[in-house]
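Participant: What follows is each chain in one-letter form.
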Amino acid sequence: MNPTDLPAAVERDANFNFGYLDERTKRMIRRAILKAVAIPGYQVPFGSREMPLPYGWGTGGIQVTASVIGPQDVLKVIDQGADDTVNAVSIRRFFQRTTGVAVTERTVEATLIQTRHRIPETPLAEGQVIVYQVPVPEPLQRLEPRETETRRMHGLAEYGLMHVKLYEDIARYGHVATTYDYPVMVDGRYLMAPSPIPKFDNPKLHMNPALQLFGAGREKRIYAVPPWTSVESLAFEDHPFEVQRWSQPCALCGSTQSFLDEVIVDDRGGRMFVCSDTDWCRQRRPADA
Amino acid sequence: MHRPAIRVEGLSKTFTLHNQGGAQLQVLRNVSFEVHPGECVALDGASGAGKSSLLKLIHASYLASAGSIRIDDGSGAVEVGTAAPRELMRLRRDVIGYVSQFLRTVPRVAALDVVAEPLIEEAGDSLDRARDALQQAEGLLRRLRIPARLWQVPPATFSGGEQQRVNIARGFIRRKAVLLLDEPTASLDADNRITVTAMINEARQEGAAIVGIFHDVRVREAVATRTYDMRQAL
Amino acid sequence: MHENDRPILRVRGVVKRYGARAAVDGVSFELWPGEVLAVVGESGSGKSTLLNAVSARARPDAGEVEFLTRHDGPVDVYALSEAARRLLARTDWGFVHQNAAEGLRMNVSAGANVGERLMALGERHYGRIRAEAGDWLRRVEMDVARIDDSPQTFSGGMRQRLQIARNLVTRPRLVFMDEPTSGLDVSVQARLLDLLRSLTRQLSLAAIIVTHDLAVARLLAHRMMVMKGGRVVETGLTDQVLDDPQHPYTQLLVSSVLQP
Chain S
1 MNPTDLPAAV
11 ERDANFNFGY
21 LDERTKRMIR
31 RAILKAVAIP
41 GYQVPFGSRE
51 MPLPYGWGTG
61 GIQVTASVIG
71 PQDVLKVIDQ
81 GADDTVNAVS
91 IRRFFQRTTG
101 VAVTERTVEA
111 TLIQTRHRIP
121 ETPLAEGQVI
131 VYQVPVPEPL
141 QRLEPRETET
151 RRMHGLAEYG
161 LMHVKLYEDI
171 ARYGHVATTY
181 DYPVMVDGRY
191 LMAPSPIPKF
201 DNPKLHMNPA
211 LQLFGAGREK
221 RIYAVPPWTS
231 VESLAFEDHP
241 FEVQRWSQPC
251 ALCGSTQSFL
261 DEVIVDDRGG
271 RMFVCSDTDW
281 CRQRRPADA
Chain R
1001 MHRPAIRVEG
1011 LSKTFTLHNQ
1021 GGAQLQVLRN
1031 VSFEVHPGEC
1041 VALDGASGAG
1051 KSSLLKLIHA
1061 SYLASAGSIR
1071 IDDGSGAVEV
1081 GTAAPRELMR
1091 LRRDVIGYVS
1101 QFLRTVPRVA
1111 ALDVVAEPLI
1121 EEAGDSLDRA
1131 RDALQQAEGL
1141 LRRLRIPARL
1151 WQVPPATFSG
1161 GEQQRVNIAR
1171 GFIRRKAVLL
1181 LDEPTASLDA
1191 DNRITVTAMI
1201 NEARQEGAAI
1211 VGIFHDVRVR
1221 EAVATRTYDM
1231 RQAL
Chain Y
2001 MHENDRPILR
2011 VRGVVKRYGA
2021 RAAVDGVSFE
2031 LWPGEVLAVV
2041 GESGSGKSTL
2051 LNAVSARARP
2061 DAGEVEFLTR
2071 HDGPVDVYAL
2081 SEAARRLLAR
2091 TDWGFVHQNA
2101 AEGLRMNVSA
2111 GANVGERLMA
2121 LGERHYGRIR
2131 AEAGDWLRRV
2141 EMDVARIDDS
2151 PQTFSGGMRQ
2161 RLQIARNLVT
2171 RPRLVFMDEP
2181 TSGLDVSVQA
2191 RLLDLLRSLT
2201 RQLSLAAIIV
2211 THDLAVARLL
2221 AHRMMVMKGG
2231 RVVETGLTDQ
2241 VLDDPQHPYT
2251 QLLVSSVLQP
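Chains as they are written, first to last, in my numbering: chain S, 1 to 289; chain R, 1001 to 1234; chain Y, 2001 to 2260.
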């Protein structure tokens, strides 16, 4: 079954249950999701299944998507903002084959978006669901390796330690050096790892009209940010939270509002900065570009 | 009219040496006396007669085996033998002064601070009172001829005489109703002996009740209003 | 000063068993504001177990530990919710470990070690946290230039002073210390003892110091409690216990050391 042999429009394979997972598993995961929605930012343990791809490839996000997807959904899958990278293409095909749903690269057309490491630049709308793939759900893990202790810290909302990390960054580098997976406080209660999105995307988490779901397959945790929930990036009063800025616009679409990737264009060190969100970039360019 | 500042009745002290087969060592038997404000009682007796032990009993460093020691704290008589540790700490802070022959030095505290400490502790957070305490400490050190260059030096390196004078200054910086003096002039030169004698007399005239051990006959004659013969005590 | 009229800590009938053996067997005492109590005894006497039981680190099998809070009067520390107990432990209490590495975060800087309690209490101004940390490093006689250094690079004495600063930054009223000076060189020990002595007095801290070293007790403590086999065999003013010990075991302890 070489994937390149499959046609571009993938037929649903009726040998699989809808969404690959069996219905009992989906119900179990949906219960975890409901609990996660009810307690914004709280990590709900769930019985993560073995999936037909390795951990680290989005098994958590896929299980969440598989549990919420319906026949009427329009699915978009991105990896680092792009719809056409191997991970995105594989996951999209996986769901086409196991559900037969319509797919799209347009953010505005999608009802369900699975993402690795980005939030689309196009603002999400009410009714949309975005599913994040999460490698490390515990924001305190590097600071406090004992899970018994981190769970207690969440339970008691003892989060001084997270600020210790930010303090260390400022003492050492003059600014907070964390640029990805920048810790946030959800609904003023739970400290949360937003998955390795750039901190550029953190403001989009806040009061987002879409339902945001997070799945960590290896660590067996699901958490959620319901629509219109406060999500605050940690900071100090005298070192407020700031996002990355670029000195130049996107070389393709001229956007000054989007997250840019540096692209090497030749063997002589030539480089340019282009939008990481390929759909956003395409929509902004002249139709024939 | 005056109540006695110190009232000792039927006081006995026996050390039981549990690790020497329970040997009993009696140092005092049935001691009774009173000291009124403005009196200075010199304890008289040979070495080993229990003079220092008696002072330590009054100071509550030793526990009495029998009898009673009562100290007037201004509002009533406190029974030293049954007072709670906290009560004894209060007595020592506010009522009883004890000057021994030896200064127990704290390694890195300057002489001036050693002397001022009893007042500083009382001063709490008040900077004015702390400054005032240091000034009083300077005055006492000057009076006792400790050169100013030594004031900021920890007394551990001082000579025996210098240490003793620091100890006296510390013992006299707060006015106490009861003063216990254990050989306060033992290693002092003539000038300082005269100064200390004067300080003891001033304290007594201000109303302190003093019990002391004074080996030096000249000092004893200069300060004591009467003597207590320790031979009655054993 | 009304709060000084009541004990800050009241311990009643504390028992802590390990299997059939009672490591602490019915200990009661009171500690008053500003008072320093030394608990002495040999290893295995139960003194460290007692310290853990009264500092809410190990629930006793029997007995009560009552702490006089700033605003809510006396509370049974084991009846508090875990959240309240932990809040108490990092605000109004301090705990100085024998091994500084247990009491410090060895992988973050000295400044962050001191600042952590402030951040845990919601201080969110980097400049103020740093200034306060610097101030406390000075108070424990450390070079402020080392504020960004890791405690890994510090000597034993410096680590211990850093641990003290980390504990005192929230101005606790009660500090527990477990052999705070043992394992240090003698000269370093003397300096640390001086520091502890002056800090306990300046801040009028109530403190419980567990030590096997009678000289430490003599220098720091107002009162002493001598433990043997999980029980208190003698208690009293420090100089009284050391100069006129009553119990055979205390006499043995005192006679076993040179001039405590």
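Hints may contain errors.
Label pairs and their calculated CB-CB ranges [said to hold, decoys possible]: (1) Y:Leu-2252 - R:Asp-1229: 51 to 59 angstroms; (2) S:Tyr-55 - Y:Arg-2231: 42 to 50 angstroms; (3) S:Gln-141 - Y:Arg-2231: 42 to 50 angstroms; (4) Y:Arg-2128 - S:Tyr-173: 45 to 53 angstroms; (5) R:Gln-1205 - Y:Leu-2252: 42 to 50 angstroms; (6) R:Ala-1077 - S:Gly-155: 24 to 32 angstroms.
Which stretches of chain R does chain Y cover? Using the computed rule of at least three CB atoms under 8 angstroms from a CB of chain Y, they are [to be verified]: (7) 1057 to 1065; (8) 1079 to 1093.
Quick caveat, the hints were computed from the structure, so don't treat them as lab data.
Yeah, the Cβ is synthetic: ideal placement off N, Cα and C, and Gly gets one too.
Participant: When you take the CB atoms of R:Gln-1205 and Y:Leu-2252, is the distance between them in 42 to 50 angstroms?
Facilitator: Roughly 47 angstroms apart at Cβ, these two residues keep to the hinted range, so it holds.
Participant: Given a hinted range of 24 to 32 angstroms, is it respected by the beta-carbon distance of R:Ala-1077 and S:Gly-155?
Facilitator: 57 angstroms Cβ-Cβ, so the 24 to 32 angstroms window is violated.
Participant: Using a Cβ cutoff of 8 angstroms, are there at least 3 residues of the stretch 1079 to 1093 of chain R near chain Y, or does the coverage claim fail?
Facilitator: holds (count 4)
Participant: Using the C-beta atoms of Y:Leu-2252 and R:Asp-1229, is the stated range 51 to 59 angstroms upheld?
Facilitator: 37 angstroms, violated
Participant: Regarding S:Gln-141 and Y:Arg-2231, is the given constraint of 42 to 50 angstroms on their beta-carbon distance met?
Facilitator: 44 angstroms, holds
Participant: Given a hinted range of 45 to 53 angstroms, is it respected by the beta-carbon distance of Y:Arg-2128 and S:Tyr-173?
Facilitator: Given a distance of about 20 angstroms, which is not inside 45 to 53 angstroms, the answer is violated.
Participant: Could you say whether the range 42 to 50 angstroms given as a hint is met by the Cβ separation of S:Tyr-55 and Y:Arg-2231?
Facilitator: 56 angstroms, violated
Participant: Has the stretch 1057 to 1065 of chain R got at least three residues whose CB is nearer than 8 angstroms to a CB belonging to chain Y?
Facilitator: Holds, because 4 residues of the stretch 1057 to 1065 of chain R bring their Cβ atoms closer than 8 angstroms to Cβ atoms of chain Y.
Hints 1, 2, 4, 6, counting from the list given before, are not met by this structure.
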